[in-house]
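Colleague: What follows is each chain in one-letter form.
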Amino acid sequence: MSAFRKLTAGLAGLAACAVAVPATAADDTQFDGTITLGAAISLTGKYSTNGGHTKKGYDMAVDRINSMGGVEVGDKTYKLEVKYYDDESTPARGAQLAERLIQQDDVKFVLGPYSSGMTKAIAPVTEEHGVPMVEANGASRSLFTQGYDYLFAVLSTSEQYLASAVDLRAELARKDGMKPSNMTIAGVFENDPFSQDIRAGVLADAKEYGMEMVVDDKLPPEINDMSSTLIKVKATKPDMLVVSGHSKGAALAIRQMSEMRVNVPMLAMTHCDSAQIIKKFGDKAEYTLCASQWAPSLKYADKYFGEASQFAKDFKKRYGYAPPYQSAESAAAVLVYKNAFERADSLNKKAVRDALQKTDMMTFYGPINFDDTGKNIAKPMVLYQVQDGEYKVVAPTKYANADVRYPMPKWSER
Amino acid sequence: MDNIQLLIETPPFALQLVIEGVLLGGIFALAAYGMALVWGVMNIINIVQGEWVMLGGFIAFALAQWGGVPSLFGIPVAAAALFAIGWLAYHTIIFRIVDRDLFTSILATFGLSILFQQLMNQIFGADVRTLESGLGSWYFFNSMVSISQTKVLGFVLAGVIAVVLTIFMRSSRMGQAIRATAQNARAARILGIDTDRVYAFTYGLNAAVCGAAGAIVVMAFTIHPYQGLIYTVRSFTIVVIAGLGNLPGVIASAFGLGIAEQYAGFTLGAEFQNAFVFLLLVVILVARNLKLQRRREVLR
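Protein chains in written order, with the UniProt record's numbering: chain A, 1 to 414; chain B, 1 to 300.
No wet-lab data here; the hints were simulated from the structure.
Don't take every hint at face value.
Estimated spans, in silico, between C-beta atoms of each pair [claimed, not checked]:
1. A:D403 / B:F278: 45 to 51 angstroms
2. A:A200 / B:L107: 39 to 45 angstroms
3. A:A322 / B:L244: 51 to 57 angstroms
4. A:T145 / B:L135: 46 to 52 angstroms
Computed list of chain A residues with no C-beta within reach of chain B, every gap over 12 angstroms [to be verified]:
5. R64
6. S181
7. A344
8. P367
Listing some non-contacts, in silico: residues in chain A with all C-beta distances to chain B over 12 angstroms [to be verified]:
9. S67
10. M68
11. Q96
12. G147
13. K179
14. A200
15. E208
16. K299
17. N339
18. D345
19. N348
20. A351
21. D354
22. P380
23. R405
Glycine included, C-beta positions come from ideal geometry on N, C-alpha and C.
Construct the entire structure; sequences and hints are all you get.
Modeller: Below you can see the structure in the form of structure tokens.
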């Protein structure tokens with residue numbers, strides 16, 4: 001019996017420790033309670049890199065809000081907290097975890113996962129339970145045509161990604177005294193929902209200007225070679241080449257274009273920064289135009305992080321690398337929640353959802369204002385260009401901090 | 001059809017497609033040699049083939065990026081490392097499936113491939129990696145045709161390895177043992193051949209050649225942890241077309257596949273590049289079946 005008694009005493013001691021730890025670790029600020037946000041994000045599997053960026057963005061914002069006094073709802077102040085699960089980059093697992101967050105962990109507010117595919121898997125679950133989800137990393141247009149009432153996205157949707165590139169092409173044509181309708185575009189788009197949305201956006205914009213698509217290839221996701229498409233680009237001599245194929249597409253395009261000397265006056269693509277084209281290809285990456293949700297040089301500001309550049313500095317200090325836009329938009333999603341909680345003045349799911357719908361705020365990430373479908377219509381995409389080994393914002397002209405370098409010189413002259 | 005018009009108007013582009021196809025075929029051939037070998041000798045369809053290529057790429061990448069050695073040095077190192085990994089894989093897992101049915105071996109090697117994908121993802125992250133070989137390109141016809149020296153290196157390597165493998169199989173003691181084991185493992189054992197050693201060596205050799213291919217791939221294209229499937233599928237197609245134990249056949253069908261892929265990508269659009277490869281596989285299998293049926297009729 002004594003052994004049993006020792007064991008129970010030990011367990012009781014352990015339990016006491018477990019209770020004591022959070023109590024001593026508590027902050028100076030006295031909180032009346034905690035609001036738990038739930039998030040299933042990719043910490044392992046093929047989206048783990050960007051899943052990590054997402055988590056860091058959430059953590060940055062949560063810590064900043066808590067250190068600035070937390071969230072005030074009614075006459076109480078609440079501490080923010082995120083409950084994370086690893087969705088292993090598989091949509092089915094993501095949906096399962098969303099179910100678990102809501103049903104078992106009693107989470108009333110959900111933060112989005114990384115990627116459109118994962119968001120697509122989770123959205124039906126949150127919708128069914130009437131739980132709001134503010135997401136920052138699902139850009140696919142198709143997310144906002146389903147009539148979801150509880151889904152809100154702070155980022156620009158994918159069909160807008162390369163729209164500013166087409167606009168810039170038209171603008172430069174006019175400057176050279178040519179008609180935009182005489183311009184031709186070659187496009188390489190990965191055959192996945194995200195890139196096909198981008199393709200739809202480019203095609204629509206090109207049609208508006210009367211530009212012709214001379215190459216329109218859908219690159220299978222498993223292909224590791226762009227040469228046959230690039231030979232076509234060489235042969236048709238378009239006025240602009242657009243590439244959308246995640247990091248792999250960006251890296252392959254620069255490598256094979258320089259190797260095969262594919263000359264185009266303008267090259268626009270997505271995922272330049274996640275492909276680290278400057279670090280990997282150096283001079284060969286020069287002149288490339290890159291679509292981005294956000295850039296640290298933009299003049300947006302809020303009271304939590306200050307200007308965009310300040311967020312970038314703080315992020316770098318904490319994590320040791322410059323923040324990719326995935327982190328910035330994730331942090332913005334948390335700011336949106338705080339803002340909505342305080343305006344709703346309630347922690348009722350429906351009340352918070354209604355407050356989210358009426359969001360109209362400025363953040364370091366950009367203005368946020370949701371339309372009826374839940375997507376942010378206030379923030380434009382930016383286009384930056386690789387200039388002397390740095391990303392400089394060149395479009396839209398309103399936010400530009402450098403002039404676009406155009407045309408791209410021939411490879412033989414570089 | 002506009003695309004075909006383009007080729008007729010400017011023949012250098014047609015030439016470029018053939019060159020790209022042949023060079024790509026060289027890399028496919030490297031990945032396929034071992035698959036033919038392992039299939040022929042051990043009767044295993046090695047689904048983890050593409051992962052050996054991917055691992056080779058990551059080893060070359062890590063060596064150049066963190067070890068600071070010249071990129072090209074990664075080719076022999078990746079090959080040596082992969083030989084060791086292949087040998088280990090044989091002694092831990094593969095030896096258990098040698099005498100089992102094909103389904104077991106497919107399942108086991110498929111499991112291995114998932115294991116290595118996740119392992120590389122944990123170590124290197126899911127990012128796309130690439131390495132500068134330091135080699136340039138040759139240009140002809142006013143830059144209309146370009147030949148990447150890195151890919152040429154892969155092509156030459158494919159040729160050299162083919163010759164070395166042929167000589168090795170014909171005249172070395174181990175090569176003869178491998179051939180004997182492939183013909184009849186039981187008889188080989190009775191005659192004193194340590195078939196276990198032969199299998200381990202064969203499997204290691206396969207991984208080593210794939211590793212060298214991977215080191216080329218990281219310099220000519222890109223690599224990431226989930227990329228193995230491309231090379232597994234291509235190797236499988238090539239070996240099915242060529243038949244087992246037919247090295248010249250493997251080389252010929254690798255080149256053929258490379259060129260066919262390039263032309264399909266150019267004329268039909270990149271989205272049909274893969275579909276075309278599979279279509280080709282089906283057509284060849286059907287054609288071969290018809291041929292066999294005809295032969296059977298004669299026998300009857």
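Colleague: All hints are to be evaluated individually against the structure, with a verdict given for each.
Modeller: Hints and how they fare:
no.	hint	result
1	A:D403 / B:F278: 45 to 51 angstroms	48 angstroms, holds
2	A:A200 / B:L107: 39 to 45 angstroms	40 angstroms, holds
3	A:A322 / B:L244: 51 to 57 angstroms	53 angstroms, holds
4	A:T145 / B:L135: 46 to 52 angstroms	48 angstroms, holds
5	R64	26 angstroms, holds
6	S181	20 angstroms, holds
7	A344	37 angstroms, holds
8	P367	31 angstroms, holds
9	S67	30 angstroms, holds
10	M68	33 angstroms, holds
11	Q96	19 angstroms, holds
12	G147	30 angstroms, holds
13	K179	23 angstroms, holds
14	A200	15 angstroms, holds
15	E208	23 angstroms, holds
16	K299	30 angstroms, holds
17	N339	33 angstroms, holds
18	D345	42 angstroms, holds
19	N348	39 angstroms, holds
20	A351	39 angstroms, holds
21	D354	38 angstroms, holds
22	P380	28 angstroms, holds
23	R405	22 angstroms, holds
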